[in-house]
Amino acid sequence: MAELKKFLVRRMLTFIPTIIGITLIVFAIAYLIPADPARAWAGGEKASQKAIELVKERYHLNEPWYDQYIFLITGLIKNEIIDPRTSNPVMDDVGKRFPVTFQLALFAYFFVLAIGIPLGLISALKRDTAIDTFVRIFALIGVSTPVFWLGYILIYIFFVNIRIINLAGVPPSPEIVITHVPVIDSLITGNFELFRQHVARFWLPGFVLGFMGAGVVARFVRNSFLEAISGDYIEFLKAKGVPKLRVYRHAMKNSLVPIITVLGLQFGVLLSGAPITETVFGLPGIGLYAVFSIGTLDFPAIVAVTLLFALVYVIANLIVDIFYAVIDPRVRY
Amino acid sequence: MSKKILEVKNLTVHFYTYAGIVKAIEEVSFDVFEGETFALVGETGCGKSVTARAITQLIESPGRIVRGEVYYNPDGERLNLLELPDEEIRTIRGNDIAYIFQDPQSSLDPLYNVGYQVSESLFVHGRVKSIKDGIKKAVNILRTVLLPDPERRVSNYPHELSGGMKQRVTIGIGISNDPRILIADEPTTALDVTVQAQILWLIKEMKKRYGVTVILITHDMGVVADMADRVAVMYAGKIVEVAEVTEVFKNPVHPYTQGLLKAVPNPLKKIERLETIPGTVPSLINPPSGCRFHPRCPEISKVCKEKIPELREVKKNHFVACHNR
Chain A
1 MAELKKFLVR RMLTFIPTII GITLIVFAIA YLIPADPARA WAGGEKASQK AIELVKERYH
61 LNEPWYDQYI FLITGLIKNE IIDPRTSNPV MDDVGKRFPV TFQLALFAYF FVLAIGIPLG
121 LISALKRDTA IDTFVRIFAL IGVSTPVFWL GYILIYIFFV NIRIINLAGV PPSPEIVITH
181 VPVIDSLITG NFELFRQHVA RFWLPGFVLG FMGAGVVARF VRNSFLEAIS GDYIEFLKAK
241 GVPKLRVYRH AMKNSLVPII TVLGLQFGVL LSGAPITETV FGLPGIGLYA VFSIGTLDFP
301 AIVAVTLLFA LVYVIANLIV DIFYAVIDPR VRY
Chain B
1 MSKKILEVKN LTVHFYTYAG IVKAIEEVSF DVFEGETFAL VGETGCGKSV TARAITQLIE
61 SPGRIVRGEV YYNPDGERLN LLELPDEEIR TIRGNDIAYI FQDPQSSLDP LYNVGYQVSE
121 SLFVHGRVKS IKDGIKKAVN ILRTVLLPDP ERRVSNYPHE LSGGMKQRVT IGIGISNDPR
181 ILIADEPTTA LDVTVQAQIL WLIKEMKKRY GVTVILITHD MGVVADMADR VAVMYAGKIV
241 EVAEVTEVFK NPVHPYTQGL LKAVPNPLKK IERLETIPGT VPSLINPPSG CRFHPRCPEI
301 SKVCKEKIPE LREVKKNHFV ACHNR
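So the sequence lines, in the order shown, correspond to chains A and B. In terms of my numbering, the first sequence is residues 1 to 333. In terms of my numbering, the second sequence is residues 1 to 325.
In short, the hints are calculated from the structure, not lab data. Note that the coordinates shown come from a computational prediction; the quantities given were computed from them, not determined experimentally. All C-beta atoms, glycine included, are put in the ideal place defined by N, C-alpha and C.
Dumping the calculated DSS-like pairs for lysine-lysine here, alpha-carbon to alpha-carbon at most 27 Å:
(1) 136/B / 244/A
(2) 132/B / 244/A
(3) 269/B / 315/B
(4) 78/A / 56/A
(5) 129/B / 253/A
(6) 269/B / 316/B
(7) 250/B / 207/B
(8) 132/B / 253/A
(9) 244/A / 126/A
(10) 262/B / 305/B
(11) 136/B / 253/A
(12) 137/B / 253/A
(13) 137/B / 244/A
(14) 129/B / 244/A
Simulated restraints on C-beta separations:
(15) 131/A / 66/B: 24 to 34 Å
(16) 136/B / 245/A: 21 to 31 Å
(17) 312/B / 258/A: 54 to 64 Å
(18) 114/A / 62/B: 27 to 37 Å
(19) 203/A / 155/B: 44 to 54 Å
Throw the hints in and build the complete structure from the sequences for me.
Have a look at this one:
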């Protein structure tokens, strides 16, 4: 256990250069873009020179790039930077919207797991049958369906025709805040009516966002399970007289390492897919916020969102690494 | 002579591949007597392993057991192993008929410690109540196969053991349920020569201690001379000669056996130089007509191309499948 702790600390330390690197890249892009953010923030074409100068002073835009970078990052961490578009502290805006996106990603992740893993297993067990072919075609469709297309088709079916979903607003958060994710909080606090409302609002966008991931995961589960089941140790297990289900359990555990890698990466993919899904379904999440920020050259907000996404991504990969170590004794940490 | 514990009759296994039907073994018949070491000898791809695996239906798709019977005769019973349903053959595997495979590096599941894997073989045959209960017995089993420091080794994972140690563990798994027959499929091929000697000694020791019948599969004539009581020589999916071990080395009858023995140093005869058998092993998708050895045989006659030779007893307990003998 002491080793695991050391490993965790070491991994956390590698976070720092990763995240600094990511923010630097985003900052460099923002800095080099041939646009004049000060003019945009001061009011666009009609902005007075005085206002522009004021904005430049406030956001240190006259300083060299490294001063600007340090001012921006420390300001974001201390939450002292006021968003030029919304006039709120940037991190307040982000903090308000992030739970919506995170909840959307959780719903999508649920569909990725609930569709991808069973389909992959069925496909592997019924290898080279009609079922396998069907699943593989489904996976191919899943991988290659654009989110916006699937989103509008399903809105047409469920909103326009069957009328069982709504597309306006988001149900309120429960009063007691524990995890900051409304659907989990309402479940923990036993507020089932609110839980139902959240599920009703999020299941379809979650499905749309998770559909592509489900296809990817189904393929990976199928291939890595087939690879595991053709191992020599599986034959030895059968020769030992181990019952079928137990043999499958060994194969499943052995196929888990590549599957978990993909699942970890999928979480990042879901976050980057969120802006389109949120736009299509009118969810006030961070993806939509990022899209608006890009449109208005709102660089502090863009850097803040990138920072957050990078953190989530890095944490997801850390969790994957911990799972590796738990599953596979050959992994040294 | 003691009783027949295993009778294999006309065993035929085909593999249905895209390239065509691979006739891996064709009409293979032999008997194994209780308490003996029976060796199946032949070069790579001649069907030794397929034969051994087919005995307990361990043939995976695209392979299929097309024909044949395998009678297993434990006390007073006569079971056709190829007719048993999945669940019944499972209780025979590992319990009555146990296996050791060629490559100990890949025979063990890398994700479980060796104690678990030994204990599991006890657990699935109902000898212990849980995997945890079996660990203590696993320590004793690992001690009998002379794994050093078994109390500590049970919690080691396969990658932490050497090849020889892993093969000791798989032998331990093999004998854990005190089987009647132990099928060792090239148990020493993947090991160093010094370790090979230790493992062969261990198999002999286990045989002495548990009185288990051993079916040894190998391509190594040295191992055959060291271990076997009787030998069956296989060529291209057929058995060509069956006899006692000294008889095979002293008076080989089939041209293939003769060629094979000229290709290796023979402890019973002085040989000036080693010879090779001309040609290569035939494709088993379109095997040669008649005797499968005829394209490479130095004594070929007309009948060899037309008629498949049957195993005939040319001397007492010495069977040969050849038209010219």
